[in-house]
Amino acid sequence: MGKSGERTIFLIDGQSFYASIEKAAHPELKELPVAVGDPERRSGIILAACPIAKSRGVTTAERIGQALAKCPDLQVIRPRMQTYIAISLFITEIFESFTDLVEPYSIDEQFLDVTGSLACFGTAEEIARQLQTRILLSTGVWTRCGIGPTKILAKMAMDNFSKERSDGLFRLSFDNIEDTLWRLPVHRMFMVASRMTRHFTRMGLHTIGDIARLELAEFKRRMRWEMGKQSDIQAEYYWQTARGIDPSPVVPSIRSKLKSVSHGKAMRSSLYRKREDIEVVLLELVVEVCRRSRRHGYMGNVVTVGAAETDGIKSTSFHRQMTLPQPTSLSHEVAAAALSLFRQHWSGLAVSHLHISLTQLIDDSAYQLTLFEDRVKAYSLEKAADEIKDRFGSIAIMRASSLLPTGVARERSEQIGGHYK
Numbered sequence: 001m002g003k004s005g006e007r008t009i010f011l012i013d014g015q016s017f018y019a020s021i022e023k024a025a026h027p028e029l030k031e032l033p034v035a036v037g038d039p040e041r042r043s044g045i046i047l048a049a050c051p052i053a054k055s056r057g058v059t060t061a062e063r064i065g066q067a068l069a070k071c072p073d074l075q076v077i078r079p080r081m082q083t084y085i086a087i088s089l090f091i092t093e094i095f096e097s098f099t100d101l102v103e104p105y106s107i108d109e110q111f112l113d114v115t116g117s118l119a120c121f122g123t124a125e126e127i128a129r130q131l132q133t134r135i136l137l138s139t140g141v142w143t144r145c146g147i148g149p150t151k152i153l154a155k156m157a158m159d160n161f162s163k164e165r166s167d168g169l170f171r172l173s174f175d176n177i178e179d180t181l182w183r184l185p186v187h188r189m190f191m192v193a194s195r196m197t198r199h200f201t202r203m204g205l206h207t208i209g210d211i212a213r214l215e216l217a218e219f220k221r222r223m224r225w226e227m228g229k230q231s232d233i234q235a236e237y238y239w240q241t242a243r244g245i246d247p248s249p250v251v252p253s254i255r256s257k258l259k260s261v262s263h264g265k266a267m268r269s270s271l272y273r274k275r276e277d278i279e280v281v282l283l284e285l286v287v288e289v290c291r292r293s294r295r296h297g298y299m300g301n302v303v304t305v306g307a308a309e310t311d312g313i314k315s316t317s318f319h320r321q322m323t324l325p326q327p328t329s330l331s332h333e334v335a336a337a338a339l340s341l342f343r344q345h346w347s348g349l350a351v352s353h354l355h356i357s358l359t360q361l362i363d364d365s366a367y368q369l370t371l372f373e374d375r376v377k378a379y380s381l382e383k384a385a386d387e388i389k390d391r392f393g394s395i396a397i398m399r400a401s402s403l404l405p406t407g408v409a410r411e412r413s414e415q416i417g418g419h420y421k
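Taken in order, the sequence shown gives residues 1 to 421; the numbers are from our numbering.
Keep in mind the hints are simulated off the structure, nothing from the lab. Quick reminder that beta carbons are idealized off the backbone N, C-alpha and C, glycines included. One should not assume that every hint holds.
[As the list claims (entries may be wrong)] Derived CB-CB ranges, DEER-like:
#  : residue 1 : residue 2 : range
1  : GLY312    : GLN130    : 53 to 61 Å
2  : GLN130    : LEU184    : 47 to 55 Å
3  : HIS206    : GLY116    : 36 to 44 Å
4  : THR133    : PRO325    : 54 to 62 Å
5  : GLY116    : GLY312    : 55 to 63 Å
6  : GLN368    : LEU137    : 50 to 58 Å
7  : LYS70     : THR133    : 47 to 55 Å
8  : THR133    : GLU218    : 31 to 39 Å
9  : ARG78     : SER260    : 26 to 34 Å
10 : GLN66     : SER347    : 28 to 36 Å
11 : LEU184    : LYS70     : 42 to 50 Å
12 : HIS206    : GLU31     : 38 to 46 Å
13 : ILE245    : ARG198    : 20 to 28 Å
14 : PRO72     : GLN15     : 21 to 29 Å
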């Protein structure tokens with residue numbers, strides 16, 4: 001532990017995570033520009049680009065066609081999300097060999113509290129270098145590490161300094177924050193995007209230090225003048241961030257009780273103009289929502305249906321919900337509510353997005369019986385189907401309607417988060 005009881009916290013980031021994994025899997029591409037995306041869709045986006053590709057102007061989230069125009073020899077590789085998740089979990093295991101305080105922040109970023117590990121493994125920098133070596137040799141991914149006494153300083157050390165250094169390491173402390181972080185323009189502060197930057201600029205606050213050096217009461221006064229009386233909470237957050245104040249601990253488990261189970265699907269509106277075609281997808285989403293609810297041991301009291309509609313020029317959307325007669329995770333009961341909501345509120349335009357959610361969740365260890373339906377039998381059938389899908393894949397059992405051209409269940413079975421496994 002550092003002076004005055006300070007903790008030592010890392011934020012470790014995998015450089016060009018998806019692209020690095022693909023380059024490790026394809027050694028022949030080592031000296032070539034590589035990006036991850038769907039090579040069959042020039043209108044698709046770049047999910048990740050290696051440093052060589054970035055040096056040639058390729059950027060994350062730009063269209064693949066635009067990237068190829070800048071870099072004609074760009075090697076675009078189809079994503080393998082299941083592989084990326086597996087490697088991320090493997091990296092977590094490496095971290096856990098040094099400390100049990102590991103908190104995933106994203107698939108390629110994780111917080112570590114190594115305060116209790118310093119006596120066993122050396123200084124913070126020595127531990128970080130050991131981790132870099134192990135991860136590089138095991139996965140082919142080069143990692144960068146931001147070090148700080150708080151999570152927010154570790155994160156800003158990573159984003160603003162570690163990524164620019166050849167060794168990938170930088171430590172932000174309360175001793176050097178004024179000479180390093182405070183000199184940066186205000187948009188380099190964590191959670192400050194273009195809109196907030198404009199607010200700060202109008203307030204005469206151009207650097208992070210301009211905020212940090214103000215007394216909190218004065219900063220709140222300026223924020224109220226710029227953004228209204230409701231801005232006090234925001235003011236306190238940004239003032240503390242500028243000063244590196246963050247009492248939140250590194251929490252090994254980020255799981256909490258589910259509040260909702262949902263699924264959504266972006267759709268090509270040109271294909272989904274008829275109600276019967278749209279309802280094929282709606283029912284597929286219901287099946288997945290109910291399956292996930294049963295997997296986690298929940299039933300829901302409220303069904304919500306959302307849809308985005310378009311006439312080709314303008315877009316509108318609606319979200320409507322219905323309270324069910326009794327909590328459920330049975331597909332046919334949720335489907336009846338979802339179809340009723342959709343039919344009541346759909347205007348008849350083409351649909352570009354559908355969303356289903358089940359909320360007000362309760363434990364499913366006991367459920368309401370009815371006089372006119374054997375719900376015990378219905379749950380047994382659905383759970384048997386769940387077991388078959390878990391063992392043989394989600395399309396081992398499908399609704400017949402999913403075999404229609406407008407069905408998306410087979411496509412979704414090959415994806416995680418909308419990207420190929």
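So which of the earlier hints does this model not fit?
-> Violated: hints 2, 7, 8, 11.
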